[in-house]
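The chain contents come next:
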Amino acid sequence: RKEVEQDPGPFNVPEGATVAFNCTYSNSASQSFFWYRQDCRKEPKLLMSVYSSGNEDGRFTAQLNRASQYISLLIRDSKLSDSATYLCVVPSGSARQLTFGSGTQLTVLP
Amino acid sequence: NAGVMQNPRHLVRRRGQEARLRCSPMKGHSHVYWYRQLPEEGLKFMVYLQKENIIDESGMPKERFSAEFPKEGPSILRIQQVVRGDSAAYFCASSPAGAEGYTFGSGTRLTVV
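For the protein sequence lines, the chains are Z and L, in the order given.
When we follow this note's numbering, the leftmost residue of the first sequence carries the number 1, and every step to the right adds one.
When we follow this note's numbering, the leftmost residue of the second sequence carries the number 1, and every step to the right adds one.
It is worth saying that the hints were derived from the structure and are not from the lab.
No residue lacks a Cβ here, since even glycine has one placed at the ideal position from N, Cα and C.
Among the hints, a few may not be true.
Among chain L residues calculated to face chain Z with C-beta under 10 Å, some are [as the list claims (entries may be wrong)]:
1) Tyr35
2) Glu41
3) Lys44
4) Phe45
5) Glu63
6) Phe65
7) Thr103
Generate the whole structure from the sequences, applying the supplied hints.
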C-alpha cells in the first residue's frame, strides 16, 4: 500500500459545484495532516492543516477519520480560481519529513 | 518579509556538468528541506538540514547529490555530473523550529541537455 494515496482525477466541475477529494494514508501513527494546493508549474502552498477530527476555513472543509486512515477535502461553491492540483500530505519518518500524495487535479469550468 | 528564495529559477546544464541550486529560508526559519518533483510526478523528500547539520538525508540519491546549510549564507543542493534523469523541479522549503508545516520557495527547474 502506498504511504499516501489519492484519486488523481481529473475532476471537471462547473462553477458553484461542491467537490470532494479523498486521501488514504498507511502510517497509523501520524498525528497531523495537510492539504496543499499546487498550481501548474508553481510551488505547493499550504491550504489547510488537520490535527483533530476536522477543520473548516470558509468554503473549504477537511475531515479526518483516524480509524479508517482517511482524510477528505470538501470545496463548496467552487470558483474558477480553485482550479489546481490538491495534494494530500502526511508527516512521515523520524525527522519532519512530509510524504506527498501524487495529487488530485481539479478544473472548475465556467 | 520575503518568502523562501530560490535561485536560479531555471537552470540548463549539459550532461556531465555540475548544478548548484541555492535556497535562502524565510527570516527566522532555521530548518530547510529539499524536495524533487519529476515531470508528472509528486514531490519526493530529499534532505532536511539545520544550520551546519544534515538531519535526514534518507531521500538523497547515494551518488552525485549533496546538500549543505552553512552557518552563513544559503543552503546549497549540489548535483555533480548531471544526467538527463536529473531534469526536474527542485523545491526548497523552510520552517521555524517546532513547526510541521512548511513554506515552499518557487523552485528551480533544472533541464539537462
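Hint by hint, here is what the structure shows:
1. Of the supplied interface hints, the one on L:Tyr35 holds, with its beta-carbon coming within about 8 Å of a beta-carbon of chain Z, less than 10 Å.
2. Evaluation of the L:Glu41 hint against chain Z yields a held restraint, the C-beta minimum of about 7 Å falling below 10 Å.
3. Among the interface hints, the one on L:Lys44 holds; its C-beta lies about 8 Å from the nearest C-beta in chain Z, closer than the 10 Å criterion.
4. Look at L:Phe45: its Cβ gets to within about 5 Å of chain Z, closer than 10 Å, so that hint holds up.
5. At about 21 Å, the closest approach between the beta carbon of L:Glu63 and any beta carbon in chain Z exceeds 10 Å, and the interface hint on this residue is violated.
6. Here the hint on L:Phe65 is broken, as its CB sits about 16 Å from the closest CB of chain Z, past 10 Å.
7. Given hint, L:Thr103 at the interface with chain Z, holds; its Cβ is 7 Å from that chain's nearest Cβ, closer than 10 Å.
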